[in-house]
Structures are given as C-alpha cells and as structure tokens.
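Residue numbers (the working numbering), protein chains in the order written: chain A, 516 to 662; chain B, 516 to 662; chain C, 516 to 662.
Honestly, the hints are just simulated from the structure, not real lab data.
All values reported here derive from a predicted model rather than from experimental measurement.
Errors might be hidden in some of the hints.
[Unchecked claim] No more than 27 Å apart at the CA atoms, straight line, and that leaves these computed lysine-lysine pairs for DSS-like:
| no. | chain 1 | residue 1 | chain 2 | residue 2 |
| --- | --- | --- | --- | --- |
| 1 | C | 625 | C | 528 |
| 2 | C | 528 | A | 625 |
| 3 | A | 625 | C | 559 |
| 4 | C | 559 | C | 528 |
| 5 | B | 625 | C | 559 |
| 6 | C | 625 | C | 559 |
| 7 | B | 625 | B | 528 |
| 8 | A | 528 | A | 625 |
| 9 | B | 559 | A | 625 |
| 10 | A | 559 | B | 528 |
| 11 | A | 559 | A | 625 |
| 12 | C | 559 | B | 559 |
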Amino acid sequence: MDWLQREIQLAPKRRGFHLVTSEILREVPEIREFAMGLSHVFIKHTSASLSLGENADPTVRSDMESYFNDVVPENAPYFEHTMEGPDDMPAHIKAALLGSSLMLPIRDGKLALGTWQGIYLCEHRDHGGRRGLVVTICGVRIHRIRS
Amino acid sequence: MDWLQREIQLAPKRRGFHLVTSEILREVPEIREFAMGLSHVFIKHTSASLSLGENADPTVRSDMESYFNDVVPENAPYFEHTMEGPDDMPAHIKAALLGSSLMLPIRDGKLALGTWQGIYLCEHRDHGGRRGLVVTICGVRIHRIRS
Amino acid sequence: MDWLQREIQLAPKRRGFHLVTSEILREVPEIREFAMGLSHVFIKHTSASLSLGENADPTVRSDMESYFNDVVPENAPYFEHTMEGPDDMPAHIKAALLGSSLMLPIRDGKLALGTWQGIYLCEHRDHGGRRGLVVTICGVRIHRIRS
Chain A
516 MDWLQREIQL APKRRGFHLV TSEILREVPE IREFAMGLSH VFIKHTSASL
566 SLGENADPTV RSDMESYFND VVPENAPYFE HTMEGPDDMP AHIKAALLGS
616 SLMLPIRDGK LALGTWQGIY LCEHRDHGGR RGLVVTICGV RIHRIRS
Chain B
516 MDWLQREIQL APKRRGFHLV TSEILREVPE IREFAMGLSH VFIKHTSASL
566 SLGENADPTV RSDMESYFND VVPENAPYFE HTMEGPDDMP AHIKAALLGS
616 SLMLPIRDGK LALGTWQGIY LCEHRDHGGR RGLVVTICGV RIHRIRS
Chain C
516 MDWLQREIQL APKRRGFHLV TSEILREVPE IREFAMGLSH VFIKHTSASL
566 SLGENADPTV RSDMESYFND VVPENAPYFE HTMEGPDDMP AHIKAALLGS
616 SLMLPIRDGK LALGTWQGIY LCEHRDHGGR RGLVVTICGV RIHRIRS
C-alpha cells in the first residue's frame, strides 16, 4: 500500500467549463508507478467545482456553462448573500450541484477513465484566479507487484 | 490492506432510473470477504450516472426521471451540441448533476448502506446500451483479522 | 496503512443547510493521529445529504435552502410518490443532486479543507430526526512515520 499526496495549483481560468486532465496529470507523474489504486482530486474552494465530462467537442462545455447559468440565475430575488457580487451565490450553488471532488480508478499506471471522459474544472466566478487542489493517491505500486 | 479491482458490464437499460444493487454485487462476490473497507463504483460514461436512492417504491424512480426531464429539457434553444440527438446534451448535464461514481462503506462483508438505500444506474440516453463500470475495493479482509 | 470506521449520529436538525464540521470531528478525534489519508463521510439516508460549502456567512446556507426549494418544488403535478408527504419526493431529488457522501483529504492530523470550506448536513425533510453517518478513515498514522 502506497500513498502520494500533493497540493497543486491550476492556472486561472475564465468563467466556464475547462478540460484539465492533462494539466492535473502533469503535476502527479508518479501515477504511472501505480498498478492499481484510486486517485482523489479535491478542490479547496466553494465557488469552483470538479466534474467528469465529455472530452471531445468544446460545445459540450459551453452548453454546460449555458445550462448552469440558466438554471442558477444571478440576482434571484430571494438571495440574501449578495455582498460578494452577483456571481458569488450562484457559484456556491453550482459548486454544490457539481461537487468538490472526484475519485478516479487507477489501472496499469493510468486513470481508468472511459474513452470520452475528461476532468472538468468548472470555474463559476467571473474572476476566480488560481485554484488549489489536493491530489491523494493510494494504491499498489508496480514494482511491488513485479519484484 | 487488500485490493480488488474489476471491470464489469451492466446489461442495457431503457432510459430512466434503475435499481442495480444486486446486479453489481453479483459481479463482486468477494465483498463478503472484507471486514471493513470502502467500495468505489465508477461508470466509464458521460451520458449515464450513478446515484444512491430509495430502494422500495418504484414511483420514486419514475418521479426522478420525470423531474430530471423537466429540469433538463431537450432542445433548449441555446444548445449547440445537437449533432448526437436531442437526448445527448441533456444526458451529459444529468450525468454531471448526479455524478459518475459512488464510494460506499463496507462493514462485516456487506455494503453498510441505510435500510432504504439502493444503487441507481441512471440511464440518460434513449438507447444507451451496455454500460461499463470499474469497481475498486480496498479494505481489510476478514481472515486477516480472525487469523 | 491504518483504518478507522465508526457509525455516528447527528442530532436532529430543522429543514435546511447546517454547518456540522465540528459536530462530526468531535466524534472522530483520532483523525489527529493520521499524518496523511482520506476521510469518507457517508449518510445512511435518501432524504438528507452532505455537501461542502462556504463556512462563514449564514445567509449562504439560507440561500441554498431557498434555491433548492425553488428548483425542486413540492407538489409537482407529475409526482406519483406522494404518500409520505409533500416534502418527501423533493427530499429524495435534493439528496440525489447534492450527494450522499464526501471524501476529504487528511493532512497532518486535520482535514485538508480550504479556508472557507465546511461540511453541510442538508436536511430536506420537515421532521428528519437523527441522521446516521458512517465515517471511514484510511491513511498513515503519525507514529508510524515518526517512529
């Protein structure tokens, strides 16, 4: 049983849904050493979120942004938490709907994702800045099996 | 510390919410060997999802389907990703709302679910076909405690 | 590799979103013994849920309640599961949207949450009563590293 835990930062993104699989994997290259395991990716914020989504057509990601703006409107008449700007309370709601972490299986040194799955960083603020993640991997390293 | 990882296939389901606890457990009978642990169930698709829900009254599941069809309509005027059919973009959105994986506690060789909890396969496509899952279990096997 | 698993009960809460980080941590003080790991918090119910949210301004939590009441109305004309009261089917839907468990990283004996993150117990029933959770921690204990 081996563990790896690392805090990483994602570069600032504009509001919207962004494919960040490569950006995350670049920060934890040791994933290739794990024969089997689980990788937990956690975002330390409540106004951005993580989700798995279609990794090919960019209009899927822009449609996601359109949909969530439609169903979680800014300036709902009943919002009381308005002092941090009209995009703040909707950001908290979207983050709750989409979730703050992903748990992904590891197999043969890679994330065992489906062909069309990619990791989305969902930036719900207009100016969210850098976003901090904690990646925690637990599993069985390859050399332990092979040796 | 013991690990089990297995890729399984769920038989095709019609669009809707389906109780699949038994269908999944049948594929990983070794769960009964674990005294304590966690079971991760992951779906390798972005147009179907996994959720925990009420396991008794079938109208809960049909009401779930009705609700998600209501709140995620087909043919929203702002959708651009339309080339894969009117059920495709809503399927991606529903999958993001409901989630692609479940982490479930194991206790005494069984999933430690509440009395009324069951695993739902949420099929969001009209013709989704077979769905691939990756089940990853980590925990402590019973014989290790007893011996 | 060390494990801890414990079933705990949260005191009854009125319908709404409640910050319960302290109430949960009080029940698993051993978390301070873990140098690194993951903590899984699971709710054994389908009409209440767990979420991470902003931990400072109470109006964020009341706005969450207002929003979910708005987007998941009671007495939708298509609901068939109505025999357990008008708050029951909406409770199942809200629980599916928000999720039944959280996986949280542990670092240096503490949950490695962001500054503004707290654990919400989201009580979706009018009279939900006590709520049972299963907390499962796996990780590396501090004394194992230091000794």
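Practice problem: Output the numbers, in ascending order, of every earlier hint that fails for this structure. | Solution: Hints 2, 3, 10 are the ones this structure does not satisfy, whereas the remaining hints hold.
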